[in-house]
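Asker: Here's the letter readout for the chains.
2 protein chains.
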Amino acid sequence: MPAKKPLILVTNDDGITAPGIRTLISIMNEIGDVLVVAPDSPQSAKGHAITISEALYCDEMVIDKNAPQTEYACSGTPVDCVKMATHEILKRKPDLCVSGINHGSNAAINVIYSGTMSAAVEAGIEGIPAIGFSLLDYSLQADFEPCKPFIRKIVKQVLKNGVPKGSVLNVNIPKLPEKSIKGIKICRQANAHWEEDFDKRETPMGRTYYWLTGKFVNEDKGEDTDEWALANGYVSVVPTQFDLTAHHYIQELNSWEFNEK
Amino acid sequence: MPAKKPLILVTNDDGITAPGIRTLISIMNEIGDVLVVAPDSPQSAKGHAITISEALYCDEMVIDKNAPQTEYACSGTPVDCVKMATHEILKRKPDLCVSGINHGSNAAINVIYSGTMSAAVEAGIEGIPAIGFSLLDYSLQADFEPCKPFIRKIVKQVLKNGVPKGSVLNVNIPKLPEKSIKGIKICRQANAHWEEDFDKRETPMGRTYYWLTGKFVNEDKGEDTDEWALANGYVSVVPTQFDLTAHHYIQELNSWEFNEK
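Residue numbers (numbering that gives the first Met the number 0), protein chains in the order written: chain X, 0 to 260; chain W, 0 to 260.
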């Protein structure tokens with residue numbers, strides 16, 4: 000860790016007042032100088048959305064008078080928050096970006112829907128070491144205390160080692176008392192998916208509408224996955240990349256007859 | 000191609016009335032039975048967002064009385080459209096999902112922000128062969144005619160070969176007359192990014208707001224990238240995956256001292 004305090008950008012997708020981000024801010028205040036740029040309202044499941052058809056608001060605000068961080072609430076998505084922090088507020092790159100602590104899992108395929116992780120990925124695209132943290136508890140009353148020592152350890156290692164180029168870290172923490180958590184495990188993303196079930200209803204005016212609901216299905220039995228680690232009491236850490244090329248298929252596709260007459 | 004006509008799901012992110020999707024529907028009607036489930040309004044840059052905090056509407060509509068396809072306009076994102084088509088309207092998997100033709104590039108890092116590509120990726124997650132098509136012309140008056148023979152060739156090959164497991168195809172088409180396009184090239188995603196520039200303004204009431212603008216920066220000089228192919232007159236095809244694990248970093252991360260006291 001450098002002698003000079005690192006500048007840490009904190010964001011999330013549950014909104015700037017969510018208990019998860021308040022916990023993360025308090026931990027980051029122990030480690031560095033903290034800038035918070037987070038959505039002014041919940042932005043869960045917004046994926047890597049950015050706001051291009053609407054104007055963005057981004058206002059400085061004080062949520063905790065006794066805390067040292069500077070905070071901005073932004074009307075946009077988590078990814079907008081990272082862009083706004085880097086290119087408008089700071090006009091330079093922070094030393095680290097942490098996103099979360101998300102209320103709910105971002106393991107397995109959830110990473111792709113997650114606003115929390117998309118913020119971390121956006122920071123990664125900009126070349127900023129970045130980590131997304133999630134606790135496997137959707138409740139607004141979730142107990143974030145057991146997360147703290149693991150977040151401290153992971154941030155300390157990232158500040159020491161950097162994050163491997165072209166990737167960010169996806170950290171999920173099981174809903175367990177601290178002493179029941181067995182440690183930190185490096186994992187791959189489990190091959191799982193959601194089976195949707197639309198809850199079909201009718202408005203008082205007689206128009207059909209739907210709520211998106213679903214069941215998470217993990218068919219991946221590997222013991223090297225994030226789902227396995229979490230089910231077995233470990234904090235999972237998945238290095239997550241944003242080069243989406245399936246490099247191993249390029250040779251196969253080159254054998255297809257795309258250019259035949 | 001099976002003797003029985005394939006069932007093809009068509010979606011996009013520019014909205015159900017955009018010229019790009021109307022062109023794609025007309026090509027797919029030559030090849031199979033077509034179901035259209037597309038957003039009722041523009042959903043560009045919505046990434047892999049899904050709608051979980053609002054109700055979804057999805058209404059059957061007739062846009063072209065003389066065309067054979069069935070069409071639904073959905074109030075949600077492109078990813079919602081794919082979920083709605085598969086789990087509510089069809090209650091089975093289509094044989095192919097095509098998304099687009101997007102008005103504008105989805106090459107390089109644009110893939111991660113793109114609603115068009117996120118719809119294709121969602122179909123891929125569900126195990127449906129899927130292709131996203133984009134034309135490098137943002138205009139609503141774009142000429143989609145030159146795209147047609149290339150889209151026919153690629154769809155024909157996908158119906159013959161399937162799509163490699165765990166991936167979908169990201170197809171970008173240069174803005175050129177058909178005879179100037181040199182062919183189809185299998186590529187990797189160029190390592191590029193956006194440099195944001197926020198256009199800061201004031202509302203008539205005196206509140207500051209911003210428009211997100213930016214400049215696309217490609218520092219990747221590789222001749223195997225989608226950006227190179229497009230700049231040199233080729234249609235680019237990138238196999239795009241949704242296992243975001245940076246597998247090559249797992250060993251390195253295992254050497255970190257995460258679990259030291």
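Just so you know, these hints were derived from the structure itself, not from any lab.
Just so it is clear, the structure is predicted and the values come from calculations on it, not from any experiment.
Please note that a few of the clues may not be correct.
It does not matter which identical chain is used: a pair holds within one copy or between any two.
To be verified - Lysine-lysine pairs mimicking DSS-like chemistry, simulated, CA-CA at most 25 Å apart: (1) Lys181 / Lys4; (2) Lys220 / Lys174; (3) Lys214 / Lys92; (4) Lys92 / Lys181; (5) Lys164 / Lys214; (6) Lys178 / Lys199.
Asker: All hints, please: hold or fail.
Answerer: Evaluated hints:
{"no.": "1", "hint": "Lys181 / Lys4", "result": "neither (30 Å within a copy, 54 Å between copies)"}
{"no.": "2", "hint": "Lys220 / Lys174", "result": "within (21 Å within a copy, 46 Å between copies)"}
{"no.": "3", "hint": "Lys214 / Lys92", "result": "between (39 Å within a copy, 17 Å between copies)"}
{"no.": "4", "hint": "Lys92 / Lys181", "result": "neither (35 Å within a copy, 41 Å between copies)"}
{"no.": "5", "hint": "Lys164 / Lys214", "result": "between (34 Å within a copy, 22 Å between copies)"}
{"no.": "6", "hint": "Lys178 / Lys199", "result": "neither (43 Å within a copy, 49 Å between copies)"}
In terms of the numbered hints stated before, the structure departs from hints 1, 4, 6, listed from lowest to highest.
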